[in-house]
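**Student:** Sequence:
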Amino acid sequence: MRKFIIIPTFVFLFLVTFLASAQQTTAEVGPESLRHCQDMAFSVEEDFVTHGPEPPDGNPVISDGDLLGSNCRVCARNADLLHTFFDVEQDLGLDAVHVINAIPEIYQVAFSTELSSPHAGQFTAGDLLITNVGIIPNVALLAAFNAVQGDLGLDAVQFVGDSVDINRFLAAAKTAGRQYWVDNPGLLAEMLTFYGIDILFSTEGTGPNPGSPLFLDGDFLSARFGVIVHSNGSLLPASVPAGIPARGVDFGLDAGNIVRDGEGLMSSFSTELLYQGDPNFTDGDVLTLGNGVVFANKDLINCFEPKADFLGLDAFFSTVGQGEMESIIAELKEMAKESVPDSERIDQSKKSLLLNPDSPKGPLLQLEACRTFAFSTEEDFLTRGPVPPDGNPIISDGDLLGRYCVICARNHELLSIFDVSADLGLDAVDVIGVETGLVVFSTELDSPNAGQFTAGDLLATNGTIIPNTALLKMFNINYDIGLDALFFVGELERIAGFLNEAREFSRDFWLRNPDVLVDMLRQWQVDIWFSTEGTSLMLTVPSFLDGDLLSVASGVIATPNSILLPNSVPAGIPHRGVDFGLDAVAGHRDGLEGLINFSTELLFNGEPGFSDGDVLKQGNGVVGVNKDLILCFEPAANFLGLDALSGGWIPPCDGDFNHDGDVDGSDLAVFKDDFGRTDCGVPTTCPGDFDDDGDVAESELVRFAANFGRTDCT
38 MRKFIIIPTF VFLFLVTFLA SAQQTTAEVG PESLRHCQDM AFSVEEDFVT
88 HGPEPPDGNP VISDGDLLGS NCRVCARNAD LLHTFFDVEQ DLGLDAVHVI
138 NAIPEIYQVA FSTELSSPHA GQFTAGDLLI TNVGIIPNVA LLAAFNAVQG
188 DLGLDAVQFV GDSVDINRFL AAAKTAGRQY WVDNPGLLAE MLTFYGIDIL
238 FSTEGTGPNP GSPLFLDGDF LSARFGVIVH SNGSLLPASV PAGIPARGVD
288 FGLDAGNIVR DGEGLMSSFS TELLYQGDPN FTDGDVLTLG NGVVFANKDL
338 INCFEPKADF LGLDAFFSTV GQGEMESIIA ELKEMAKESV PDSERIDQSK
388 KSLLLNPDSP KGPLLQLEAC RTFAFSTEED FLTRGPVPPD GNPIISDGDL
438 LGRYCVICAR NHELLSIFDV SADLGLDAVD VIGVETGLVV FSTELDSPNA
488 GQFTAGDLLA TNGTIIPNTA LLKMFNINYD IGLDALFFVG ELERIAGFLN
538 EAREFSRDFW LRNPDVLVDM LRQWQVDIWF STEGTSLMLT VPSFLDGDLL
588 SVASGVIATP NSILLPNSVP AGIPHRGVDF GLDAVAGHRD GLEGLINFST
638 ELLFNGEPGF SDGDVLKQGN GVVGVNKDLI LCFEPAANFL GLDALSGGWI
688 PPCDGDFNHD GDVDGSDLAV FKDDFGRTDC GVPTTCPGDF DDDGDVAESE
738 LVRFAANFGR TDCT
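Under the numbering used here, read the sequence shown as residues 38 to 751, first letter to last.
Keep in mind the hints are simulated off the structure, nothing from the lab. For glycine and all other residues, C-beta sits at the position ideal for the given N, C-alpha and C. Any given hint might turn out to be false.
[To be verified] The calculated label-pair distances, taken between Cβ atoms and stated as ranges, are:
hint : residue 1 : residue 2 : range
1    : Asp552    : Leu632    : 28 to 34 Å
2    : Asp552    : Ala333    : 34 to 40 Å
3    : Asn328    : Asn695    : 36 to 42 Å
[Said to hold, decoys possible] With a straight-line Cα cutoff of 25 Å, these simulated SDA-like cross-link-like pairs (lysine to any residue) come out:
hint : residue 1 : residue 2
4    : Lys344    : Val330
5    : Lys654    : Arg408
6    : Lys374    : Gly223
Could you put together the complete structure from these sequences and hints?
**Tutor:** Structure (structure tokens):
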């Protein structure tokens with residue numbers, strides 16, 4: 038039934054030999070190296086091999102958890118930040134950073150990780166960590182916003198204020214301890230006020246929920262004042278449709294840094310989404326407030342001589358002078374006094390359009406449209422196409438979307454059996470039973486109910502919870518490294534039978550008896566293929582990458598990142614040089630090699646070119662561009678990313694403009710109106726511009742004519 042691509046022994050030995058000189062798992066570059074990041078620092082989205090200057094520890098693999106500086110400097114390995122101060126040996130990634138003091142004897146860095154601590158209860162991926170061993174939980178950062186509950190993640194962070202006051206605060210925060218802040222989250226704002234400083238940050242999730250957002254994950258927030266310092270709409274130029282609901286798309290805020298100039302507060306930042314309009318930018322570029330690109334991603338990484346010219350951007354820091362710090366604090370105080378609702382926030386006239394958590398939710402699970410194909414986007418957006426059944430035009434990155442612009446399930450519908458009303462995002466999905474409403478999935482955020490499930494657990498709409506560590510049992514990984522993609526292999530009846538049996542066991546049972554999962558899968562003759570958020574335990578000699586497709590039942594790499602992508606793409610570490618990640622996957626239930634659809638974490642500018650929102654086919658490049666997935670929703674941007682995928686993608690018919698499955702007279706009327714236009718592009722769109730060259734000409738006429746009369750369009 039299943040075919041695996043097993044990595045040959047000689048390849049593994051080559052990998053070990055190649056990296057054997059690279060010290061131990063917890064290799065560190067030492068405190069002196071932090072000096073190279075005193076002015077600017079960043080981290081990338083995925084691991085890669087440097088072909089430039091050799092890092093101080095001799096390890097050519099650069100992790101997405103390492104802190105990098107200008108001139109190809111590795112300022113800190115993830116172990117420098119975590120092992121030294123928190124006794125964590127694993128690489129947990131680096132999602133946000135502020136270098137407070139780079140003097141080796143002081144060594145103060147504030148940061149967040151992509152994964153939670155392997156030590157139960159120590160810290161989460163949403164907590165703010167400081168290298169004086171201080172931990173400020175996510176709930177305390179959000180306390181000033183009142184209505185927000187749970188951990189929304191931490192994507193960007195910056196301390197502002199006098200350096201002496203910041204140091205005094207950090208000492209007090211360390212003494213208090215994490216549990217103190219969990220028990221008394223509201224006291225953080227009071228302590229920040231007492232010391233005259235602030236913590237600016239952005240989140241992974243929208244608060245309190247995407248249906249009626251108080252803030253977006255693309256907004257820059259103040260922990261002290263509970264205000265939006267910069268909304269997503271104000272960060273980006275007016276030509277970019279940023280902000281919900283006014284302009285239509287939440288572009289996210291993946292990294293950020295605020296400075297003060299003569300005209301007010303300025304920001305350097307990066308987004309979660311790329312944009313293909315004017316100005317054009319990627320989600321790895323450093324942008325400046327309202328003015329486009331400052332540093333292209335390739336300018337940040339060129340000196341490392343990686344095999345790809347794009348590696349994304351997860352954290353960014355640039356130094357701010359003391360005088361600027363004082364000005365920023367003064368301006369934040371004025372913002373708090375004025376307390377004027379931001380133009381991007383939802384006003385009362387628009388609230389009637391949006392989802393009230395206490396209002397009727399519409400029909401539960403319209404899964405028919407997700408029978409053969411389903412997906413989720415990377416960010417929230419406003420649909421200008423068909424009105425959803427619940428009347429809410431905001432589509433969340435946690436909603437399950439299907440063919441014909443149908444919302445198959447809102448996030449709260451998927452989570453209803455777990456008594457969770459918050460939107461936790463949708464990171465992986467597999468639609469198992471349309472008639473039974475059986476969907477398997479993972480979330481982007483942990484459950485707000487303590488200990489219920491994490492973002493790395495496998496969930497099902499029948500109540501099943503299988504913890505991440507049970508999925509990884511055969512790989513000898515005993516901590517949660519996330520769940521980015523999943524796909525069940527086997528007969529549907531057997532898969533459903535397995536899930537019905539699995540739900541009889543609690544999460545705690547699976548934690549205590551992870552080996553039972555493999556036995557149960559084998560008894561039912563099914564398997565779970567999946568990918569993770571993080572690379573396996575030993576980065577210097579990784580047993581797998583987060584871009585590899587793994588098998589739960591066999592404990593092997595079903596298909597490595599290097600095989601998923603064509604030979605012309607430098608995918609795989611160490612041989613080809615870059616881990617492109619595996620953000621979503623779907624395939625044939627027989628597990629047949631070559632029938633896998635997927636998406637990556639990184640875009641590629643080579644041949645074949647693809648974005649991190651396109652649907653790819655194993656070894657064969659793009660089969661569906663992101664724009665085609667979302668076109669019928671008529672969003673204000675033509676790229677929204679791709680976070681989860683189920684089923685197989687079949688390209689739509691050129692000319693089926695109303696998405697009714699055929700190309701007929703009504704579509705001809707639309708094409709007739711478009712024919713001859715030369716002003717197509719962003720934000721102006723022409724449905725008839727099939728080749729995206731800005732006009733509707735003879736080439737489009739030929740393609741429309743070829744499809745006219747078809748009744749088999751997807």
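**Student:** Indicate, hint by hint, whether the structure satisfies it.
**Tutor:** Quick rundown of the hints versus the structure:
Range check, Asp552 to Leu632: about 30 Å between beta-carbon atoms, so the 28 to 34 Å window is met. Checked against the hint of 34 to 40 Å, the C-beta distance between Asp552 and Ala333 comes to roughly 48 Å, which is inconsistent with it. Take Asn328 and Asn695: their Cβ atoms lie about 39 Å apart, and the range 36 to 42 Å holds. Between Lys344 and Val330 the CA atoms are separated by roughly 23 Å; this keeps the pair inside 25 Å, and the hint holds.
A C-alpha spacing of about 19 Å is found between Lys654 and Arg408, which places the hinted pair at or below 25 Å, so the restraint holds. This hinted pair checks out: Lys374 and Gly223 have alpha carbons roughly 19 Å apart, not beyond 25 Å.
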